[in-house]
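2 protein chains.
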Amino acid sequence: MSSQVASPLTDLYGPIRADLAIVEHVFDEELSSDLACVRDLVDGVRAYRGKMLRPALLLLAGQATGELNHRHHVLAAVVEMVHMATLVHDDVLDHADRRRSRPTVNAMSGNVTAVLLGDYLISHAYHLCSSLDSQEASRYIGAATNRVCEGELLQNHHCGDDQLTESQYIEIISRKTAELTATSCMLGAWASDAPADVLAAMRGYGLSAGIAFQIVDDVLDIVGQEGEVGKSLHLDADLGKATLPTIHCLAHAPREAASRLAGVLRSGLFKGNGELRTWLEETGSIEYALGEARRHVGDAIKQLELLPAGDARSSLTCLAEFIMARRF
Amino acid sequence: MSSQVASPLTDLYGPIRADLAIVEHVFDEELSSDLACVRDLVDGVRAYRGKMLRPALLLLAGQATGELNHRHHVLAAVVEMVHMATLVHDDVLDHADRRRSRPTVNAMSGNVTAVLLGDYLISHAYHLCSSLDSQEASRYIGAATNRVCEGELLQNHHCGDDQLTESQYIEIISRKTAELTATSCMLGAWASDAPADVLAAMRGYGLSAGIAFQIVDDVLDIVGQEGEVGKSLHLDADLGKATLPTIHCLAHAPREAASRLAGVLRSGLFKGNGELRTWLEETGSIEYALGEARRHVGDAIKQLELLPAGDARSSLTCLAEFIMARRF
Numbered sequence: 001m002s003s004q005v006a007s008p009l010t011d012l013y014g015p016i017r018a019d020l021a022i023v024e025h026v027f028d029e030e031l032s033s034d035l036a037c038v039r040d041l042v043d044g045v046r047a048y049r050g051k052m053l054r055p056a057l058l059l060l061a062g063q064a065t066g067e068l069n070h071r072h073h074v075l076a077a078v079v080e081m082v083h084m085a086t087l088v089h090d091d092v093l094d095h096a097d098r099r100r101s102r103p104t105v106n107a108m109s110g111n112v113t114a115v116l117l118g119d120y121l122i123s124h125a126y127h128l129c130s131s132l133d134s135q136e137a138s139r140y141i142g143a144a145t146n147r148v149c150e151g152e153l154l155q156n157h158h159c160g161d162d163q164l165t166e167s168q169y170i171e172i173i174s175r176k177t178a179e180l181t182a183t184s185c186m187l188g189a190w191a192s193d194a195p196a197d198v199l200a201a202m203r204g205y206g207l208s209a210g211i212a213f214q215i216v217d218d219v220l221d222i223v224g225q226e227g228e229v230g231k232s233l234h235l236d237a238d239l240g241k242a243t244l245p246t247i248h249c250l251a252h253a254p255r256e257a258a259s260r261l262a263g264v265l266r267s268g269l270f271k272g273n274g275e276l277r278t279w280l281e282e283t284g285s286i287e288y289a290l291g292e293a294r295r296h297v298g299d300a301i302k303q304l305e306l307l308p309a310g311d312a313r314s315s316l317t318c319l320a321e322f323i324m325a326r327r328f
Numbered sequence: 329m330s331s332q333v334a335s336p337l338t339d340l341y342g343p344i345r346a347d348l349a350i351v352e353h354v355f356d357e358e359l360s361s362d363l364a365c366v367r368d369l370v371d372g373v374r375a376y377r378g379k380m381l382r383p384a385l386l387l388l389a390g391q392a393t394g395e396l397n398h399r400h401h402v403l404a405a406v407v408e409m410v411h412m413a414t415l416v417h418d419d420v421l422d423h424a425d426r427r428r429s430r431p432t433v434n435a436m437s438g439n440v441t442a443v444l445l446g447d448y449l450i451s452h453a454y455h456l457c458s459s460l461d462s463q464e465a466s467r468y469i470g471a472a473t474n475r476v477c478e479g480e481l482l483q484n485h486h487c488g489d490d491q492l493t494e495s496q497y498i499e500i501i502s503r504k505t506a507e508l509t510a511t512s513c514m515l516g517a518w519a520s521d522a523p524a525d526v527l528a529a530m531r532g533y534g535l536s537a538g539i540a541f542q543i544v545d546d547v548l549d550i551v552g553q554e555g556e557v558g559k560s561l562h563l564d565a566d567l568g569k570a571t572l573p574t575i576h577c578l579a580h581a582p583r584e585a586a587s588r589l590a591g592v593l594r595s596g597l598f599k600g601n602g603e604l605r606t607w608l609e610e611t612g613s614i615e616y617a618l619g620e621a622r623r624h625v626g627d628a629i630k631q632l633e634l635l636p637a638g639d640a641r642s643s644l645t646c647l648a649e650f651i652m653a654r655r656f
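First to last, the protein sequences are chains A and B. Position 43, counted from 1, in the first sequence is what my numbering calls 43; the numbers after and before it change by one each time, with no gaps. If you want my numbering, it's the 1-based position in the second sequence plus 328.
Calculated from the structure, these hints are not laboratory results. Remember, predicted model here, so these are calculated numbers, not experimental data. Quick reminder that beta carbons are idealized off the backbone N, C-alpha and C, glycines included. Incorrect hints may have been included.
[As the list claims (entries may be wrong)] A short, non-exhaustive set of chain A residues, derived as facing chain B with CB atoms under 10 Å:
1. L116
2. S138
3. E152
[Unchecked claim] With beta-carbon atoms standing in for the labels, derived distance ranges:
4. S459/B <-> R46/A: 30 to 36 Å
5. G110/A <-> D362/B: 34 to 40 Å
6. D356/B <-> A325/A: 46 to 52 Å
7. G110/A <-> D461/B: 53 to 59 Å
8. R39/A <-> R594/B: 21 to 27 Å
9. P103/A <-> R594/B: 22 to 28 Å
10. H353/B <-> R46/A: 39 to 45 Å
11. R622/B <-> D161/A: 53 to 59 Å
12. E615/B <-> P103/A: 43 to 49 Å
13. D362/B <-> R266/A: 25 to 31 Å
14. D161/A <-> S462/B: 39 to 45 Å
15. R46/A <-> A653/B: 45 to 51 Å
16. D425/B <-> A325/A: 46 to 52 Å
Full structure from sequences and hints, please.
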């Protein structure tokens, strides 16, 4: 039950450390099974529970707006379970073989097991959520996963699309990534019985932070070092996914480079990232993407002005700042 | 919104025809999306909504135990959505290319889209379920999908296992198939505010009927005609899945045939079903499996004795009988 939280985050998690341990316990309890083969798989996937970012956001939002209670612990375990389900399925769809410096479920046990394990995790997330005394949280979680799935379907629909616009990209990542961080923050305030304007502010914080997080994630996919990031990299261009740096580069590169990059995205066959990095450096597209991420971080922090000052609010501020510093 | 229910069932659905139309409306409303690419996929998958067996069971159980209301309509749409999600994912995992005489989602749009669309359907099932005024049904649905996923994981764990016992096989199909029919019937009675013994009887009916249904399904996989059944056949042995006829055959065939069949299951490479059928005929294994299915149908019908006589109960009796007659 020891926390596997990455070290640069542990200070920020200070105000909620004891509660995170309770969340891990709720999480483990929910995933217990009478079947040995299921227990083995769940043990294997537990290593994915790395940063616990969404539970931490939910708990910090809850503490910044009221007092933590049983609902926070349950909902924090729920959002982490939803997140893990999306990771397991994403790794199948992206043919990724490394995550948190370990083999992915699909790499270890095959695609069939990984699809089924993702289904098992999402089922338990809803099952756990419906143990609460109100349907409201279940409805919020259901609405959030609807939008996450839509974001994934939309991204898949635009696979190989070299005409993807920046606003379409933001629409995709708002749904597939930022929706869950937004809902996590909002549910933290909801479980503290905070008023509607605070719920909206926390949702806004989580949405902007989630967008910034995904932009940085997409930048790391291009410029990150696999040893530091701990997962398979350079997949986006290989899979024909346009991201903010490549969208910017397509619009600003000399005609020939743009045309070759467009060909890479359409064919989904980019081997090695040396050439891509050169193009992106020449057009300043990495700086542009990081600048946009920084802007969203600023938007996120602005939403916190509504909250009373304190350790939890400080941690939320630092967590947003941390998005720009992360290398993993 | 016209019902696509297969003709031999339409008479049995007589008592609930108007309600099934409402269920289809609830189903369609829930799956509406602002994204065109999502709408197209949902339109494509609507053709899977064939027999509407689980909604019909839920409505008939509801009518046999009380009066149909809004909760029945919502829950009937929920169980059908859960069922469709499992079909979409199963077809990916089984590499199946035909269902209801049409191409499967994976055959039409690829595995990535099919995995995501299955996730989208299950998400909407939970979202819809949590629109009800009580958490109880959501908790039942979550518990059911937990067990369905466990059944699938257990089946996958035993893939290529030529030592699978009959009781392990029954355990697998009880979870992966019969759990959802059992929960459908139980929820029908629950939404009618029926007492606990009636809920247990309806759950028992659905469990036995579901087990019989899956045994017959597995027999049809071997002896069915693709044109009649409307989906890819002869997949189980190819995929190394032992089913009741092959388990019986392994135990009763002459040593050489049994050893070759065991090899087929271990390797998961059985091309053509001519030889398999001969082995099964010689050991009477198809008759044995159908006899077991018939026994479970009898168990199902016995559970109905608790209910008042009437059209709904008659339909439930005939639906159980129909399992033995079905060719699709």
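These are the hints, each one checked on the structure:
1. Proximity of L116/A to chain B holds as hinted, the smallest CB-CB distance being about 5 Å (cut-off 10 Å).
2. A least Cβ separation of about 4 Å between S138/A and chain B falls short of the 10 Å threshold, and the interface hint therefore holds.
3. The restraint placing E152/A at the interface with chain B holds, with a minimum CB-CB distance near 5 Å, inside the 10 Å limit.
4. In this structure, S459/B and R46/A meet the distance hint of 30 to 36 Å, their C-beta atoms being roughly 33 Å apart.
5. Taking the beta carbon of each, G110/A and D362/B are about 36 Å apart, inside 34 to 40 Å as hinted.
6. Checking the proposed 46 to 52 Å range against D356/B and A325/A shows it holds: the Cβ atoms sit about 47 Å from each other.
7. In this structure the hint that G110/A and D461/B lie 53 to 59 Å apart at CB is violated, the actual value being about 42 Å.
8. With their beta carbons about 25 Å apart, R39/A and R594/B fall inside the hinted range of 21 to 27 Å.
9. For P103/A and R594/B, the hinted distance range of 22 to 28 Å is satisfied, since their beta carbons lie about 25 Å from each other.
10. At roughly 42 Å, the beta carbons of H353/B and R46/A sit within the given window of 39 to 45 Å.
11. For the hinted restraint 53 to 59 Å between R622/B and D161/A, the CB-CB distance of approximately 55 Å keeps it satisfied.
12. Between E615/B and P103/A the CB atoms are about 46 Å apart, so this pair conforms to the stated range of 43 to 49 Å.
13. A C-beta distance of roughly 27 Å is found between D362/B and R266/A, which places it inside the suggested range of 25 to 31 Å.
14. Remark: the range hint 39 to 45 Å for D161/A to S462/B is upheld by a beta-carbon distance near 44 Å.
15. Between R46/A and A653/B the beta carbon distance is about 47 Å. The supplied range of 45 to 51 Å therefore holds.
16. For the pair D425/B and A325/A, the supplied restraint of 46 to 52 Å holds, since their beta-carbon distance comes to about 48 Å.
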